[in-house]
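> Sequence:
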Amino acid sequence: MTPRPPIRAPRHDDRRRTYPALGARSERTGTWWGDAWVRALEELALDPARLARGAAYAQAGHVDAITVTPGRITAYVHGSRPRPYRTELRLRTLPDPAWEQFLDIAARTPAHIAALLDKDLPHDLADEAELLPASGDLIPDCSCPDDGYPCKHAAALCYQTARLLDEDPFVLLLMRGRGEQEVLAALTRRNAARMAVERVPPRPQLPTVQARSALAPRTRPPLPPPFPTPARPGHPPAFPDVNGGPDPLSLDLLATEAALRAHTLLTTGQDPIAPLTTWQDAVRLAAAHPGSGLTSTTRALYTALARATDRTPTDLARAVAAWRQGGIEALSVLETPWDPPAGPFDRARPALSTAGFPGFRPSRNRLSTPTTQLRYGRDGLWYGYESDPDREDWWPRGAPDADPVGALTARLGA
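According to the working numbering, the sequence shown holds residues 1 to 414 in order.
Just so you know, not all the hints are guaranteed correct.
[What the hints assert, rightly or not] Per label pair, the in silico range of CB-to-CB distance:
#, residue 1, residue 2, range
1, D252, P207, 56 to 64 Å
2, H123, T18, 53 to 61 Å
3, P240, D141, 27 to 35 Å
4, A211, N191, 37 to 45 Å
5, L265, D141, 33 to 41 Å
6, T336, P240, 40 to 48 Å
7, P222, P341, 49 to 57 Å
If you are wondering where the hints come from, they were derived from the structure by calculation, not from laboratory data. Each residue gets a CB set at the ideal place from its N, CA and C atoms; glycine is no exception.
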């Protein structure tokens, strides 16, 4: 029989090699490491009959092209059905320290390097690095319905993998995590370094320094003064509108917010955003832009913030009106009713009546008429609200004031 040419694989990706289907064959010419691979399969098998069928599948050429990557061997295996099954074998890769030990051992002995270049795997080198699988190391997997361990398709793939190993022991090294060119390059570097060390003459005696002198106290120069704080935050760059890239307006918003936050933290030592909840921060972001409906960008911002906080755009717009009225305190007044103690709240109705605004009804921290409302905040300020008659749809209006009459007048002015 004409000997088959050596198996070769493309070199463009050293950690992924695909070998063409090996085709039908009679008996493989076994190497000791290929035999060790088969023994690991046989020790794994729970059903010898499936192994025999897997060997028959391999001999008949039922295994398609085999792809080897670190820790994984994959192929399609033809069975009794028209559609082939996707079959794979998993093998633990060696950690970096184990690879370093393997490379050091191989580089120390020129015969090891020569053997590897000649597609031979020395016994002692394989044993030192534990390259060959032990019992239980191989983990088969197959898309077929057979629950055998392994099934006949995985067994066929394992037998064909042994043929690859017979031709090229670097297939085993790739399974364990390193490609052929990667291993040879590392061995070349180690061999060159070892030869350079052997040729380097002894180092001359260097002058020494007494420990007392080295540890003597020294006066360190003062640190340079800090850079002056800029008067205002910087402007972000103009971000390009790239097809498939991030939205430039969103990037501009993020960069502007980061610059403002950093400048405030640098000048005051306080982070203005850290104490805020997600909802409060969303309201703050929306309040810093024009009201909804003015531009498509602002409408998109309101919609995105409302969706992210599980609120409606109307909820967000009402909260923005409160934030613009008085910041986080005004937002708390909008969302959280409370029972104020006796004192300023009780004196508010007589003061409003004397100023010509009778008819306010009290409820918790609120004084209301059908269209006007004053809410008393925990900060001691009064906040104005208005609503259409009989709708109870209250919106913040005007500026807060410590005097309820002043807050009502500001609301009317608004």
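> With reference to the structure, classify each hint as holding or not holding.
The hints, checked one at a time:
1. D252 / P207: 56 to 64 Å: Given range 56 to 64 Å: holds, Cβ gap about 60 Å.
2. H123 / T18: 53 to 61 Å: The hinted range 53 to 61 Å is violated for H123 and T18, with Cβ atoms some 29 Å apart.
3. P240 / D141: 27 to 35 Å: Violated, at about 46 Å.
4. A211 / N191: 37 to 45 Å: Once the Cβ atoms are compared, 40 Å apart, the range 37 to 45 Å for N191 and A211 holds.
5. L265 / D141: 33 to 41 Å: Check failed, 53 Å falls outside 33 to 41 Å.
6. T336 / P240: 40 to 48 Å: This hint holds: roughly 44 Å between Cβ atoms.
7. P222 / P341: 49 to 57 Å: 55 Å Cβ-Cβ, so the 49 to 57 Å window holds.
Of the numbered hints stated above, those contradicted by the structure are hints 2, 3 and 5, listed in ascending order.
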